[in-house]
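Line by line, the protein sequences are chains A and B. Quick note: the first sequence uses this note's numbering, first residue 1, plus one each step. Quick note: the second sequence uses this note's numbering, first residue 582, plus one each step.
These aren't lab readings, by the way, just hints derived from the structure by calculation. Glycine included, each C-beta is placed from N, C-alpha and C at the ideal position. It is possible that part of the hints are untrue.
[To be verified] Simulated restraints on C-beta separations:
| hint | chain 1 | residue 1 | chain 2 | residue 2 | range |
| --- | --- | --- | --- | --- | --- |
| 1 | B | Gly694 | A | Arg60 | 52 to 60 Å |
| 2 | B | Glu938 | A | Ile318 | 34 to 42 Å |
| 3 | B | Ser751 | A | Ile318 | 23 to 31 Å |
| 4 | B | Gln789 | A | Ser62 | 30 to 38 Å |
| 5 | B | Asp735 | A | Ala365 | 16 to 24 Å |
| 6 | A | Ile326 | B | Pro919 | 49 to 57 Å |
| 7 | A | Asn343 | B | Gln711 | 26 to 34 Å |
| 8 | A | Ser54 | B | Ser751 | 31 to 39 Å |
| 9 | B | Ala785 | A | Ala365 | 50 to 58 Å |
| 10 | A | Ser62 | B | Asp876 | 25 to 33 Å |
| 11 | A | Phe341 | B | Ala944 | 43 to 51 Å |
[To be verified] A short list of chain B residues far from chain A (calculated; beta carbon distances all over 12 Å):
| hint | residue |
| --- | --- |
| 12 | Pro612 |
| 13 | Glu638 |
| 14 | Gly647 |
| 15 | Gly652 |
| 16 | Glu659 |
| 17 | Asp706 |
| 18 | Pro709 |
| 19 | Glu731 |
| 20 | Ala732 |
| 21 | Glu784 |
| 22 | Ala790 |
| 23 | Leu793 |
| 24 | Ala875 |
| 25 | Asp922 |
| 26 | Ala944 |
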Amino acid sequence: MADAAISGQGRRVIFRQGTVLKAVVLLLLVALIVLPLIRTVLFTLQPDTIEAWSDVLSGRLSKNLFYKPLGNTLLIGVVVSMACVLLGGFLAWLVVMTNVPFRKTIGVMATLPFMIPSFAAALAWGALFRNDRVGGQLGWLEGLGLDIPNWLAWGMVPTLIVLTLHYFSLAFTIIAAALATVNSDLVEAAQIAGAKGRRILMGIILPVTTPALVAAGSLCFAGAVSNFATPALLGLPVRMQTLSTRLFGMIEVGQVERGYVIGILLVLISGAFLWAGNRIVSGRRSYATITGKGGRAKRFDLRGARWPLCAVAAVILISSTVIPVIVLTASSLAPSSANLFSNWTLHYWLGESDPSFAQGIPGIAYNEDIVRALTITLGLGLAVAFTGMFVGLLASYTTARFREGWASAAITQISFLPLLVPGIAFGAAYIAYLGAPIGPLPALYGTFALLVIAGTAYLLPFSVQTGRAVIQQVGGELEESARITGASFVRRLFAITVPLAIRGLAAGGILIFVKIVRDLSLVVLLFTPTMPVLSVVAYRYASEGFGQFANAITVVILFISIAATMIANRLQTKSQPWLQN
Amino acid sequence: MTVTNAMRLGAIGVFLSTAAMAGGHLNEMGPEELLPLAQEEGTLTVYSFTSRIGKVEKAFEEAYPGIDLQGFDISSTEQIARLKAEAQAGVTNADVVYISDTPVVLTELLEAGIIAPYVPPRVADRVPDQYQSPLLAQRLSTKVLMYNEEANPDGAPVSNLWELTTEDWSGRVVMVDPLQRGDYLDLMTEIVLRSDEMAAAYEAQFGQAIDLDGAANAGEKFIADLFGNDVILVSSTDDVNAAVGALGQENPPVGFTSYSDRRDNEEEGWALQVANAVEPAPGIIFPAVLALAADPKNPAAARLVIDFLMGDESEVGGPGLAPFYVAGDYVTRTDIPPHPDAVPLDEFTAWRLAPAETATIRAEIGDLILTLQ
C-alpha cells in the first residue's frame with residue numbers, strides 16, 4: 001500500500017502539468033540551438049585544432065586573420081547603427097509627429113528596404129558605381145563618362161552606405177512604434193508651459209524613446225556586423241575583409257578550424273553588444289507611456305520646412321527602394337551594365353544556351369540549375385515556415401501556459417539565443433554539428449533536411465515571438481474549460497488554439513518564408529552544388545562576373561519576398577499605429 | 582567468434598569481392614559496353630574546375646542520349662573542401678571530379694581514399710605513363726603572365742617578372758586571390774621553389790645581387806614586393822582576362838591567367854597574348870586530372886564520361902575534347918596533333934609543376950600571403 005502511494009505521488013511529480021511538455025520543448029531547443037554551438041567550440045579545442053586559436057589571436061597571421069577584419073567589422077557596426085538610428089529616427093519623427101506631406105506613403109515605404117535582401121542593394125550599387133579597378137564590367141556611371149574613384153566604387157564607403165540603406169528601416173519600425181506611444185499629456189503639458197518644439201524633442205520625446213533608440217541601434221549593430229553579402233560583394237575585390245567574409249573564406253578553402261574560431265569570436269562580439277544594449281534598456285524598466293487617457297498630440301507644424309523635409313525623406317526612400325529595383329531589373333536586361341538602358345535583351349531571362357553569349361549559360365527560365373534552385377528554395381521556405389511555426393507555437397504555448405519554473409525561463413532564453421548568432425556563424429556551427437554522423441544518425445551534409453533544420457533553428461527567435469503574439473490573442477479561459485472537460489493537450493492545441501490563431505499563424509509563417517527565401521548568410525556555407533538555393537546561386541554568379549544572371553535571380557527573389565510580405569500584411573491586418581490619424 | 586559474427590564477416594567479404602569485381606570489370610570495358618549500363622543509371626554528377634563543363638554537358642548528352650550529365654563549375658580549392666566535407670559526412674555527390682590543384686589532390690583526396698584513379702582502356706596506350714599515374718591527366722593547363730596585344734603590338738611589355746615590382750606596374754598587375762584559387766597558390770609556391778632562378782633574374786633586371794631584406798629567399802621577396810606594389814586581386818580568371826585583355830584600352834594591366842583563355846578573344850572582345858619570353862618564366866604549367874569518386878553512385882556513367890572527355894578517334898578528338906582542343910591547352914594524348922596556334926610545348930617556357938615538392942611548402946606560402954593582404 002505504502003509503495004503504491006509513493007509511486008502514485010512520484011507519477012504525479014513527473015506528470016505534473018506541463019512537465020512533459022516543458023521537457024520535450026527544452027530538449028528540442030537544446031538539440032537545435034545549444035548543441036551546434038557547443039559542438040563548434042569543442043571542435044576547436046581538439047589537440048590538432050587548438051592551434052587555430054593562437055593563429056587567429058596572437059600569431060603572425062593574427063593581424064590579417066582577425067584584428068584587421070575586426071576593426072572593419074566594428075567600424076561597420078558603429079557607423080551603420082548610428083546612421084540607421086539617425087535616418088530611421090528622422091523618418092519616424094516625420095511620420096508620427098509632424099504634418100509632413102505624404103506621411104502615409106513615407107511610412108509604408110520606410111518599411112520596404114528591409115524586405116529587399118541586402119545583396120540586392122549591393123548588386124545594384126555595383127551596377128551603378130563599378131569602376132575598372134578590378135576589371136570586368138563597368139558600372140552605368142562610368143559608362144556615362146564619369147570617373148568613379150575607388151573609394152566610392154569599392155570597400156568601406158559603399159558597404160556603409162548600402163548597409164545603412166538596408167537596416168535603417170529596422171530602426172524606423174522600432175522607433176516609430178515607440179514614438180506612437182508617447183503620451184500626448186506629456187507633450188501638451190510642455191506646450192502649455194511654453195516649451196518650444198526643440199525643447200520638447202530634447203526634454204520629453206528623446207528621453208521617453210531612449211529604450212527604443214538603444215534597441216534599434218543595437219539590433220542594427222548586430223545586423224551590420226554579421227552581414228555577409230554586402231562586404232563580400234563590395235569589399236572583397238579590394239581585399240577589405242570583415243569577420244564574416246574571413247569566416248566564409250577560411251571555410252571555403254578548407255581551413256575550417258580557423259574559420260570556426262573566427263565564427264566563435266564573431267558570436268561573442270555581436271552577443272556582447274546586444275547584451276549591453278539590453279542592459280541599458282532594462283536599467284529603467286518603467287517606460288510605460290500608454291495610459292488610459294490622453295489622445296494623440298497635435299502634430300508639430302513644420303511650416304515652411306514641410307516640403308523640403310518631405311524631399312529629404314523622398315531622396316532617402318527612393319534611393320533605398322525604387323532605385324535598386326529599377327537598376328536590378330534594367331541590368332538583368334542589358335548586356336553591359338555600362339549601358340544600362342540600351343540594347344536590352346531577354347536572353348538572361350528566356351534565352352536558350354548560346355556558346356557565343358555569356359559562355360553558353362542559358363537564360364534563367366531554361367537554366368536547369370536555377371530552376372532546381374528555385375524549386376528547392378520555395379520548398380525550403382515552406383518547410384521552414386511550417387516547422388518554424390510549429391516549434392515556435394509549441395515553445396510559446398509552453399511558456400505562456402506554464403510560466404513557473406526554471407524550465408520555462410530556460411526555454412525563453414534559449415529560443416532567443418540565435419539572435420546573438422550571425423547567420424554565417426550559425427551555418428558554420430551546423431556544419432560542425434551535422435556534417436558528420438552522430439552515433440547511429442547519418443550525417444546531413446548536403447541534404448534538404450539540414451537546410452530545414454538549420455533554418456528552423458536560426459529563425460526560432462522570430463517564430464517564438466510570433467507564436468507568443470498569437471497565443472496571447474487566444475484567451476486562456478477557452479482552453480481552461482476544454483481542459484476541465486478532459487480534452488488532451490493535442491486536442492486542445494488543434495481544436496482551439498490553432499483554429500483561433502490561424503490567421504496570425506499564417507502571417508507569421510509567410511514572414512518566416514520570406515526571411516529564409518532571401519537569406520544568404522545562413523545558407524552560404526550549407527550550400528552544396530546538388531542542393532542549391534537561389535540566393536547562393538545569385539551570389540556565385542555575381543562573384544564569377546555574370547552580373548546579369550545574378551540580378552535576374554535577385555529580381556525573382558525580390559518579387560517573391562514582396563508578394564509574400566504583402567499577403568502577410570493583409571492576413572495580419574497589421575496595426576501600424578503610427579499611420580493612424 | 583559467434584556464428585552471426587562469422588556470417589557477417591562472410592557477407593562483408595562476399596560484398597567486398599563483388600564490389601571489387603564489379604569495379605574491376607567496369608574498368609576493362611570500352612565505351613560500347615559501358616553505354617547500356619550507363620543508360621540504366623541514367624544520370625551522373627561531375628564536379629569540374631572549369632566552366633567548360635557546360636559545353637561538355639551538352640556534347641555528352643547529344644552523344645549519349647538518355648544519360649543526364651549534371652556538371653558543376655566549382656573551383657579546385659572549393660572542390661577539395663567540399664569533397665572532404667562530403668566524405669566526412671559519408672555522402673557521395675560527385676561521380677567524377679575534374680580538377681587541378683594536384684599537390685593537394687594527391688595527398689588529401691587520393692591518398693585519403695576519397696577519389697580513385699581510372700584510365701579508359703581505349704586510350705591507355707596513347708597517354709604517356711607520367712600522365713596516367715597517380716591520376717589520369719587529360720591535358721596540361723597554365724597560369725602564366727598575359728598581356729594585351731592590341732595595346733602592345735610589338736610584343737610583351739614586360740621581359741622580366743621583377744619589372745612587375747617596379748613603380749611602372751604599381752596597381753597594374755592583376756591575378757586571382759591565391760587564397761581563393763589553388764592554381765594561383767601553386768604559382769606563388771613555384772616562384773618560391775625557383776628562388777635561385779628568381780635571384781638570377783633579379784640580378785639581370787637590376788644589375789645587382791638581391792637584398793632579401795628579411796625575406797627567407799628570393800621567391801618570397803618577390804611575392805612580398807608584388808603585393809607591396811598594389812597587385813590587384815580579383816575573384817575569377819575571367820575578371821583577370823577582362824581587365825588585361827579588353828579591347829580599346831590605352832594602358833592595360835598585365836595579369837596571370839590561363840593561356841587557353843586566349844581562345845575566347847574573339848567572342849569576348851579581348852586581345853590576350855602570353856608573355857612567353859619573360860624571365861625567368863611566365864608562370865606554371867600543370868596537369869588537369871580526371872578521377873572517379875571512390876564509390877561512385879553511377880560507376881558506369883562515370884567511366885563513360887571520362888572516356889568521352891579523353892576524346893574520340895577522330896583527328897582532333899571530336900566533341901568530348903573540342904572544348905579543350907584550344908591554343909594554350911596541351912592535350913596529353915600523343916596521337917592528337919598539337920594545336921597549330923599555340924606556342925609548341927617544348928618551346929613553352931613555363932615551369933612544370935612538381936606536385937610532391939609543391940605540397941611540402943604550399944600551406945606555408947598560403948600563410949605568407951595571408952600576412953601580406
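Self-check item: Numbered hints the structure breaks, given as an ascending list
Solution: 1, 2, 3, 5, 7, 10, 13, 15, 16, 26
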